[in-house]
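Q: Sequence:
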Amino acid sequence: MKLYVCVALLFFGFTCAYAFEPIPITVSSTTDKIIFDGKWSFEYEWKQTSLNSYSYDDGTTIILRSTHQGKFIYIFLDPITDRYLDRMNDHAIICFDTKDNKSIKADLNDYCFMTSLEAKNGFSYQGGYTSTHTGFFNKIPNPDGFVGISTVSDANDRYTPIPHPSYEFRIPANLIGRENVYGFYFSVYDGHSKNTYTYPQNLELDSYIGISSPDQWGEIYSPDKSLPEFGFPTISLVLTMVLTLFFTVILRRNSLMQIRR
22 MKLYVCVALL FFGFTCAYAF EPIPITVSST TDKIIFDGKW SFEYEWKQTS
72 LNSYSYDDGT TIILRSTHQG KFIYIFLDPI TDRYLDRMND HAIICFDTKD
122 NKSIKADLND YCFMTSLEAK NGFSYQGGYT STHTGFFNKI PNPDGFVGIS
172 TVSDANDRYT PIPHPSYEFR IPANLIGREN VYGFYFSVYD GHSKNTYTYP
222 QNLELDSYIG ISSPDQWGEI YSPDKSLPEF GFPTISLVLT MVLTLFFTVI
272 LRRNSLMQIR R
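Take the sequence shown: its position 40, counted from the start at 1, is 61 in this note's numbering, and no numbers get skipped.
In case anyone wonders, no lab produced these hints; they're calculated from the structure.
One should not assume that every hint holds.
[What the hints assert, rightly or not] Computed cross-link-like contacts, DMTMM-like style, restricted to lysine to aspartate or glutamate with a CA-CA straight-line distance of at most 20 Å:
| # | residue 1 | residue 2 |
| --- | --- | --- |
| 1 | 126 | 236 |
| 2 | 68 | 178 |
| 3 | 54 | 236 |
| 4 | 160 | 200 |
| 5 | 68 | 58 |
| 6 | 215 | 79 |
| 7 | 92 | 53 |
| 8 | 54 | 42 |
| 9 | 68 | 175 |
| 10 | 215 | 225 |
| 11 | 92 | 225 |
| 12 | 120 | 236 |
| 13 | 141 | 165 |
| 14 | 120 | 64 |
| 15 | 92 | 178 |
| 16 | 141 | 175 |
| 17 | 246 | 79 |
| 18 | 215 | 121 |
| 19 | 126 | 53 |
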């Protein structure tokens, strides 16, 4: 009986420590309309995107909108209950574990992106660094096409007209790869309360830049498996290879038939 209780407690503790709700991310046909100014700029800007809402014990609510199209993944974080505007102190971080291998130490497959309130440029980080002070992440040059920007919301915000920080990201898919599932993490820092709010919730931060270890991250996935999109050149190449193989088989079969005759 004691053995069963111990096993049950061990299983319960494991599932509680690593419980998270995976985030679905779907393709959108309207991302070319997004204005990257750090806020929800007009009524339908982020409407055709996946919606996830996170509520925390102190009453904080954070809205996550996510989508992908073409060469980019798009993320919008909206901490709608933050009424204090701590410019260049409030900030948000999003991270992708491109292999979803849940490593204890950040490796070369892990990427994070950060921007601060009223910052016009974000920062990019890659794992595999030797310093524990930075959680094994190192700052890297921003990739082409990357956007990380934040500003104060206005009356166009879909959830509240009260001004609050908001954060927009555009991540090049070529950097993090085109996968159906990524490990995923975000943190939003409130400079007034000095609290950090994370997905998955209530994680311990392993570095001064506010990132937990990848083995604690959740997941973001493409339910329709549309994220590994194939462009026209790729499709053309595949079709050419298939047709070449098909005609090669036909020709060889005809040659063998003629030889047998």
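Q: None of the hints should be skipped; say for each whether it holds.
A: Structure-based check of each hint:
A C-alpha spacing of about 8 Å is found between residue 126 and residue 236, which places the hinted pair at or below 20 Å, so the restraint holds. Restraint check for residue 68 and residue 178: satisfied, since their Cα atoms lie roughly 11 Å apart, inside the 20 Å limit. A C-alpha spacing of about 35 Å is found between residue 54 and residue 236, which places the hinted pair above 20 Å, so the restraint is violated. Under the criterion of a C-alpha separation no larger than 20 Å, the hint pairing residue 160 with residue 200 is inconsistent with the structure, at around 23 Å.
Restraint check: the Cα-Cα separation between residue 68 and residue 58 comes to about 16 Å, which is no more than 20 Å; the hinted pair holds. Only pairs whose Cα atoms come within 20 Å are accepted, and residue 215 paired with residue 79 is accepted, the gap being roughly 13 Å. A distance of roughly 11 Å separates the Cα atoms of residue 92 and residue 53; the hinted pair therefore holds under the 20 Å criterion. Annotation: proposed proximity of residue 54 to residue 42 is violated, straight-line Cα distance about 29 Å (limit 20 Å).
Only pairs whose Cα atoms come within 20 Å are accepted, and residue 68 paired with residue 175 is accepted, the gap being roughly 16 Å. Under the criterion of a C-alpha separation no larger than 20 Å, the hint pairing residue 215 with residue 225 is consistent with the structure, at around 14 Å. Between residue 92 and residue 225 the CA atoms are separated by roughly 33 Å; this puts the pair beyond 20 Å, and the hint is violated. Annotation: proposed proximity of residue 120 to residue 236 holds, straight-line Cα distance about 12 Å (limit 20 Å).
Of the pairs offered as hints, the one joining residue 141 and residue 165 holds, with about 15 Å between alpha carbons and a cut-off of 20 Å not exceeded. For the hint pairing residue 120 with residue 64, the CA-to-CA distance comes to about 35 Å; that exceeds 20 Å, so the pair is violated. Restraint check for residue 92 and residue 178: the C-alpha separation of about 26 Å exceeds 20 Å, so the hint is violated. A C-alpha spacing of about 17 Å is found between residue 141 and residue 175, which places the hinted pair at or below 20 Å, so the restraint holds.
Between the alpha carbons of residue 246 and residue 79 the distance comes to roughly 36 Å, so the proposed pair goes past 20 Å and is violated. Among the hinted pairs, residue 215 with residue 121 is inconsistent with the structure: their alpha-carbon atoms are about 30 Å apart, more than 20 Å. With a C-alpha separation of about 36 Å, the suggested pairing of residue 126 with residue 53 is violated against the 20 Å cut-off.
Hint check: violations occur at hints 3, 4, 8, 11, 14, 15, 17, 18, 19; the rest are consistent with the structure.
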